[in-house]
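Number of protein chains: 2
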Amino acid sequence: MRTLTSADLSLNTATVSKQWTLAECIDGCARHGIGGISPWRDKLQDCGVDRAAKLIRDAGLGVSGLCRGGWYTAEGALTQTVLDDNKRAVDEAAAIEAACLVMVVGGLPDGSRDIDGARAIVTDGLSATLDYARTVGVKIAIEPLHPMYAADRACVNTTGQALDICDRLGNGIGVALDVYHVWWDPDLAAQIARAGKDRLLAFHVCDWLNPTRDMLTDRGMMGEGVIDIPAIRSVVEAQGFDGLVEVEIFSAEDWWTRPADEVLAAMTGALPSI
Amino acid sequence: MRTLTSADLSLNTATVSKQWTLAECIDGCARHGIGGISPWRDKLQDCGVDRAAKLIRDAGLGVSGLCRGGWYTAEGALTQTVLDDNKRAVDEAAAIEAACLVMVVGGLPDGSRDIDGARAIVTDGLSATLDYARTVGVKIAIEPLHPMYAADRACVNTTGQALDICDRLGNGIGVALDVYHVWWDPDLAAQIARAGKDRLLAFHVCDWLNPTRDMLTDRGMMGEGVIDIPAIRSVVEAQGFDGLVEVEIFSAEDWWTRPADEVLAAMTGALPSI
Chain A
2 MRTLTSADLS
12 LNTATVSKQW
22 TLAECIDGCA
32 RHGIGGISPW
42 RDKLQDCGVD
52 RAAKLIRDAG
62 LGVSGLCRGG
72 WYTAEGALTQ
82 TVLDDNKRAV
92 DEAAAIEAAC
102 LVMVVGGLPD
112 GSRDIDGARA
122 IVTDGLSATL
132 DYARTVGVKI
142 AIEPLHPMYA
152 ADRACVNTTG
162 QALDICDRLG
172 NGIGVALDVY
182 HVWWDPDLAA
192 QIARAGKDRL
202 LAFHVCDWLN
212 PTRDMLTDRG
222 MMGEGVIDIP
232 AIRSVVEAQG
242 FDGLVEVEIF
252 SAEDWWTRPA
262 DEVLAAMTGA
272 LPSI
Chain B
2 MRTLTSADLS
12 LNTATVSKQW
22 TLAECIDGCA
32 RHGIGGISPW
42 RDKLQDCGVD
52 RAAKLIRDAG
62 LGVSGLCRGG
72 WYTAEGALTQ
82 TVLDDNKRAV
92 DEAAAIEAAC
102 LVMVVGGLPD
112 GSRDIDGARA
122 IVTDGLSATL
132 DYARTVGVKI
142 AIEPLHPMYA
152 ADRACVNTTG
162 QALDICDRLG
172 NGIGVALDVY
182 HVWWDPDLAA
192 QIARAGKDRL
202 LAFHVCDWLN
212 PTRDMLTDRG
222 MMGEGVIDIP
232 AIRSVVEAQG
242 FDGLVEVEIF
252 SAEDWWTRPA
262 DEVLAAMTGA
272 LPSI
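Protein chains in written order, with my numbering: chain A, 2 to 275; chain B, 2 to 275.
So here's chain A without its partners, still in its complex pose (with noise of 0.2 Å):
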């Protein structure tokens, strides 16, 4: 296992959401020696993505994913709107260079109770969005969330369920592993030594608070909570994953508000609790 440094972490934008813009995310890694950076679509955006692209380049910041296309279920069925907004992300994520475009696929339709129908949305959405994404070279990048986002956000919700799928779409797509939504799983070793390097696509860390006040806002820095991320990590570079290790905390009651200095400050500070 590596000896993390800063120059390893990179900091989802999502971690300091609320204070930071995309721009100033990236003053704030270089600052603070943080090596990466993967932006959400909406930082992105505000920042306009060939000057967010030329931003990060002149930081020299790697970027470990960009957050995030999929919510195929959006609109009851796979629409081309959705589609087109996915193939927008993928040219987002060519633009800045991102190591892959992370999915959050989308839960249940409005009104629905047909997971099995939404998991059939989500594969087809996927195997689209991977046809166009395969020809500008950008990696996609299923992200399964928590089995307590099932209804609202994912209907993806295992590291094997999500291999499953890359199984049967080959080439190209992959997992992006965050402990917050796996750590639980007592088949995760089993699955990250079936990904393998080429297949772990991105690693991101935050820790689960107990108790957790909140199932989406409750997030806590490295260290805080219960999950044994150093243990997660070693199985997961023991399968020569080499890339970035990102940091992304949804804290609506403690990161949020602190300044996103001191937030950086602590990210670091907590690398021997990764």
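It should be emphasised that the hints constitute simulated quantities derived from the structure, not laboratory data. Incorrect hints may have been included.
As the list claims (entries may be wrong) - A few chain B residues that face chain A, going by a derived Cβ cut-off under 7 Å, partial list only:
| # | residue |
| --- | --- |
| 1 | 148 |
| 2 | 149 |
| 3 | 152 |
| 4 | 153 |
| 5 | 158 |
| 6 | 162 |
| 7 | 187 |
| 8 | 190 |
| 9 | 211 |
| 10 | 227 |
| 11 | 229 |
Positions of the beta carbon are idealized from the N, C-alpha and C atoms, including for glycine.
Use these hints to put chain B onto chain A, whose structure you have.
Just chain B now, with coordinates in the frame of chain A:
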């Protein structure tokens, strides 16, 4: 699949935990034509085990389970205190002729990040309880809890994981399937088939609300949420399950605030959604 009637339902006392004693629950079931009951141990002990057994028998109710044993990780390691309490739970289940003793196995010990260790404690604990339960003819039902409870309530989080433990421990142990905990699992149908009739010891229903406002106490009445309960029941009954369908709803803001007779009427009114 069966055509359910009120007589096929069982009232888990948690559903009206704020409103009724066990004696009132028993009377209520009789009044509403509900065929069974599943007491929580606190209600059972308040009533007195022998008195409860007589009241249940006199009312002609089936007993779909006793909630709950388990919590093997409560003291950080498997202690005699924990084992003794589970032995008492087995005796109580025997006294009321419960179809099974439902096991909520416990989460991470305080301060621990070792989920594999917690799972090892749980397996050892179940093994010990099972040894005793076999001598008095009580079935042990592991309830896999939703992964969002892995830290604080139960580190057995999928049906497959529960069945792996059952495979290891042998006869007399199976699973209590609650649709709330397992509905999202892409492997659910396969695992229900793997379980088979002899290991499908209980079937619990309620509904997953979208949005869910609280991780513990915001469950819905069947039909209010997004779970395709009939689809899951059909898979369970295809294995030969013909037991009571137990209704267990934790609902601080809604069902716990209503008159209990209204809750029971809603349960029987929800039969078409089960």
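Consistency of the hints with the structure:
Interface hint at residue 148(B): satisfied, since its Cβ lies 4 Å from the closest Cβ of chain A, which is below the 7 Å cut-off. Because the smallest distance between the Cβ of residue 149(B) and any Cβ of chain A comes to about 4 Å, under 7 Å, the interface hint for this residue holds. At about 4 Å, the closest approach between the beta carbon of residue 152(B) and any beta carbon in chain A falls short of 7 Å, and the interface hint on this residue holds. Given hint, residue 153(B) at the interface with chain A, holds; its Cβ is 5 Å from that chain's nearest Cβ, closer than 7 Å.
At about 6 Å, the closest approach between the beta carbon of residue 158(B) and any beta carbon in chain A falls short of 7 Å, and the interface hint on this residue holds. Because the beta carbon of residue 162(B) sits about 5 Å from the nearest beta carbon in chain A, less than 7 Å, this interface hint is met. Interface restraint check: residue 187(B) against chain A, minimum CB-CB distance 5 Å, threshold 7 Å, status holds. For residue 190(B), the interface hint is violated, since its Cβ never comes within 7 Å of a Cβ in chain A; the closest pair sits about 9 Å apart.
Of the supplied interface hints, the one on residue 211(B) holds, with its beta-carbon coming within about 4 Å of a beta-carbon of chain A, less than 7 Å. Taken as an interface hint, residue 227(B) checks out: its beta carbon lies about 5 Å from the nearest beta carbon of chain A, inside 7 Å. At about 4 Å, the closest approach between the beta carbon of residue 229(B) and any beta carbon in chain A falls short of 7 Å, and the interface hint on this residue holds.
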